[in-house]
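Could you put together the complete structure from these sequences and hints?
Sequence lines, in order, name chains A, B and C.
For the first sequence, our numbering gives the first residue as 856, with consecutive numbering after it.
For the second sequence, our numbering gives the first residue as 11, with consecutive numbering after it.
For the third sequence, our numbering gives the first residue as 1146, with consecutive numbering after it.
Since the hints were made in silico from the structure, they are not lab data.
Predicted, not measured: the structure shown is a model, and the values here were computed from it.
For each residue, glycine too, the CB sits at the ideal point set by N, CA and C.
Covered by chain A, per the in silico footprint, the following chain C stretches (three or more residues, Cβ under 8 Å):
#1 1184-1192
#2 1366-1379
#3 1383-1389
Below, in silico cross-link-like pairs of lysine to aspartate or glutamate (DMTMM-like), each with a Cα-Cα straight-line distance of 20 Å or less:
#4 K1134(A) / E168(B)
#5 K995(A) / E56(B)
#6 K1261(A) / E1184(C)
#7 K1152(C) / D139(B)
#8 K957(A) / D1006(A)
#9 K1041(A) / D86(B)
#10 K1276(A) / D68(B)
#11 K1276(A) / E1232(A)
#12 K998(A) / E56(B)
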Amino acid sequence: MTARKKSHGPLLGRRQAATLAAGALVAGTLRSVQAADASTFVSGFALPMNLDPHQVYDVPMQSMMLNAYDNLYRYQNDPPQIVPWLAESHTVSDDGLLWEFKLRPGIKFHDGSPMTAEDVVYSFRRVLALGLAPAGAFLKILKPDNVTAPDPRTVRFKLETSYAPFFAAIPSISIVNPRLIEPNVKNGDWGKAWLASNGAGSGSYRIVSAGYRPLEYLDMEINEDHFLGWSHNPKPVKKIAYRPTKETSTRVLALLNGSLDCTDPNLPADQVEQINASKIAYVQKDVVMRTFVIRMNNTKPPFNNLNARLCFAHAFNYMGFIKDILGGYATRDPYPMPDNLWGIPKDVKGYDYDLKKAKEYYAKAVAEGAPMKRPLELHVQSENEQSVQGAQLFQADLAQIGINLKVVGNIWSNLTTAAAKPDTTPDMWVHWVSTYFVDPENWVGQMYDSQFHGTWKASSYYKNDQVDALLRKARAAVKQEERAPLYEEAIRKIMADSPDIWIYNSMQLQGLNKRVKGRRFCTVGQGAEIRWITLDS
Amino acid sequence: MLRFVVRRCLLVLPSLLGLLVITFLLIRVVPSDPAMAMAGDAATPEQIERLRQQYGLDRPIWEQFVSYAGKVATLDLGESAFSRRPVAVDIAQRLPATLTLTFCALAISVFVGVPLGVVAGLSHNAWPDYLLRVFSVMGIAVAAFWFAIMLQLLFSMELGWLPLRGELSPTIQRPPRVTGFMVADALIAGRLDVAADALRHLVLPAVTLSLGGLATIVRFTRAGVLDTMQQDFVFYERAMGYRRWRLNWIYVLRNSVTATVTQIGLLFGGLIAGGVVVEAIFDWPGIGSYTVQAILTGDRQVMLAVTLLIGVVYAAVNILTDLVHGVLDPRLMERG
Amino acid sequence: MSPILRKLSRDLPAMLGLAIVLFVLVIAIFGPMLAPYPEDAAASHLTRRLRPPSAAFPFGTDNLGRDIFSRVILGARGALSIALTVVSTAMLIGVPLGLIAGYRGGWLSEGIMRVTDVVLAIPQLILALALAQLMSPSLESAMLALSLTYWPYFTRIVYAETRRLSSSLFVDALRGIGAGSGRIVFLHILPNALSPVIVRATIGLGFTILVAAVLGFLGMGATPPAPDWGLAIAESRTYLPRAWWYATFPGLAILITVMGFNLLGDGLRDIVDPRIRRSR
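See below:
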């Protein structure tokens, strides 16, 4: 330090402070920057909006609840099968109204208390009372009083009407621990506020409440006493650190430098090459059941005209989109349902990209008075680059046949609100339909039966009485052999009417660190179950 | 002085009320239906209607406003539609992270920018001035996330010195929450390694966020210095022979910084809202990312609460700015 | 005119700024004639997606195979129009309000400054969202939102400077010789307060273009397929860091344009400020 007068004023103080800070940084840097640790899995999966599996049911929640909670039956393997989990078996009466599930013995929640059938009853009653997303499949067919526990290991469901998808939807309900929730109930809210930030499960991993900030981070640690045991996995993951990463570029970089063990399962196709070229990570491809569809509002002209709709169906460059924009990471699926699910009429061909045919249908539509020249809007989810790119591609092709399409950026919550009424629903919009449960009802049933008008899935406002009758019959029948032909017939009629444009079935792309071994993929949950994973150093 | 402060505080209240009204109306225009956002994707129209009644969303708008204003007065900011927690709790959890980032960015901007601006002003039209003018413009014009990615590529990927994202490494045990400020809590718990880890995570986001402010402060300080150097009293003082270094720093600074102080005040409030991009790139768990989430999910309660928060912060900073102006030039306080 | 130009010509950075601004203006006006692939404003060519810069495509191609060089040229128009519109509107509203509030004092002044505080506190994102819903998302709705949230910056600066200047010696002297308020404010105070206003305006040009980019990404501003520079940067995010050219060239365009405005603004400020004029 000089003896000069403090002509540098505060700067000198800053320099000292800066040196100290730099020293601290260097001291910390002696450890490696990558926080890779042999038993912590750092996950880039998106977090659900909150932690309560009875309030939220979407793809991020499916991934989280598979680890922290258990369900009566669970989807496993690829292609997905529904296997016993908490329950060891079940029976169903011939009329499909009475279902009984037999619980395994010796199951304990994370707080050590044993799980009984009463806890299962509590869980289902809670779902129905809250009446939120997970209750969607059950509200119309199940009354809370009709879920009972005749003995400590048996749960009985008495349905109002026969409903085949009931069993397919059973895995969507997580079993929660009433002994942790009840002390935290406020004003009869069923513990909504509390369970949104805490855990009350029995799953392979336990939520660490202090390690949770909504949508930012979540920590979980292993449950050594899980009912299935750990004998299948000698070196399981001890801690899960969910670190959802908002920017794609940061996420990819984090995978490449070892800070993340996996990206979320929606890796853009353009990032695949770089990751596969690295030494530390690779891209895993899996076929999921998730269709990509452009909806047309069948109540707004010109979409109320069949020839107009056929014109649009021939104007989308399906293979160009899949091959060039998605890098081939999707399968062309012209059906309103994933083509790897039962119920598809394999003899129906679907529509191809053919601008000549599109022009012919255009002419026919115009001759019938359809306003083909009116400026049309296609709403996309701005956050999702695939939907934006698809829309721009469509816009360019439609311009070639003289149709003026405007691409409008929008967000999911606005779109689902708008879809509640036919006049606020946009002309066209793009979305995916993911697997909430593995059954044609999840796609065709809820999209094209007119009783669902007002929900986003049915936002094309398609109405066909014959189709309605077929779908309702299929819903009520119990056996797949009876239901499949009904769905096939319904799909034939739907495709002939072309109410929407069905584009592809998704291939899931996920970046994984090469040390991640043992991962098992299932389309429900997107391969997020950590109990099978070992981290190989 | 005290009278001045009290008077300014009282005058702030009508502004906040005005802000509340405007924001409440603006958010009403947003079409996303909060009941639908809460009910979720698989909900039926009946479920949504039930929620609407439960939350009083079917009552006339002025009734909703009055009830909201009343709650705000008791610091009940409602419940977030997505996290299902009181908004006040969410904000209390996130605010320290944003404040830390904002203060660090501001500190960098000020303590690097003011000296650079003075240098530019004093060397008017010589090469330091030219260089600084050109580089300071880059600070404003470069897209924050492009710069952030460059920093990440260099310091995280190439050199491996600094972490890519987050507030803390995933494998480090979080210190018990005392103040909510990560570095402080780590020091209180005696964990120097955690404090160092938190500081390392702070570097890249703070530098990225400081860029716009740095450029602004350099330019305003330069302009202020140029103005002051040309004033008569400086001419006289130089004529009277005050030693050059004393002249440059203390006198020039005191009179040049009027506009700069105003800018700092404006910057502070802007940094909280503008940290949105930085918080997104680095996954900094603060108010910026909270706001974006709220917009994306149509969470009105959160949007309202965040707007109010920003309003209060602005008000506080403005009062502080006026105070500083008053200290620098006591004549202003007489009239105020 | 010519003394100003002569003074300006001695200031190298300012001349550089002027040159850049004129260059960008020319590109904005003659864009469609200069771009090698003008149809790439809307067309798409899937077979040449994400190609790095080459002779045929000097700036490479984007995610739909469009020539980035052409789109950068075509985007100049949108960038200039939004920047100039927003900043000039904000100045037209903010500067007079600041003058009145700073000179008058009393309740009028307090009232104006309180309104300024309120508007300052409204988050731009939320106002832009509301306007986008009201007027349907577009460049116009973004421009309106940005103008309405930007004028307070000018008001606060002008207010502070006006107050400082109103209590200075020369204003007292002017009042002493009987000059009217209007004369004092417009002929004497305004030119002195203009210096930070010009600096803020030139900074605002840059910020406007960047904020418009964020709005565009959230669907509240320029929409695809517009060749907007900010939108291009926002779209490029998922292809980084591999497709570096996608963000870099529009980013450079913004950088150079804003730099031009700022350098020119500095030069103008140096000229307009009467004190400097006197001493030079």
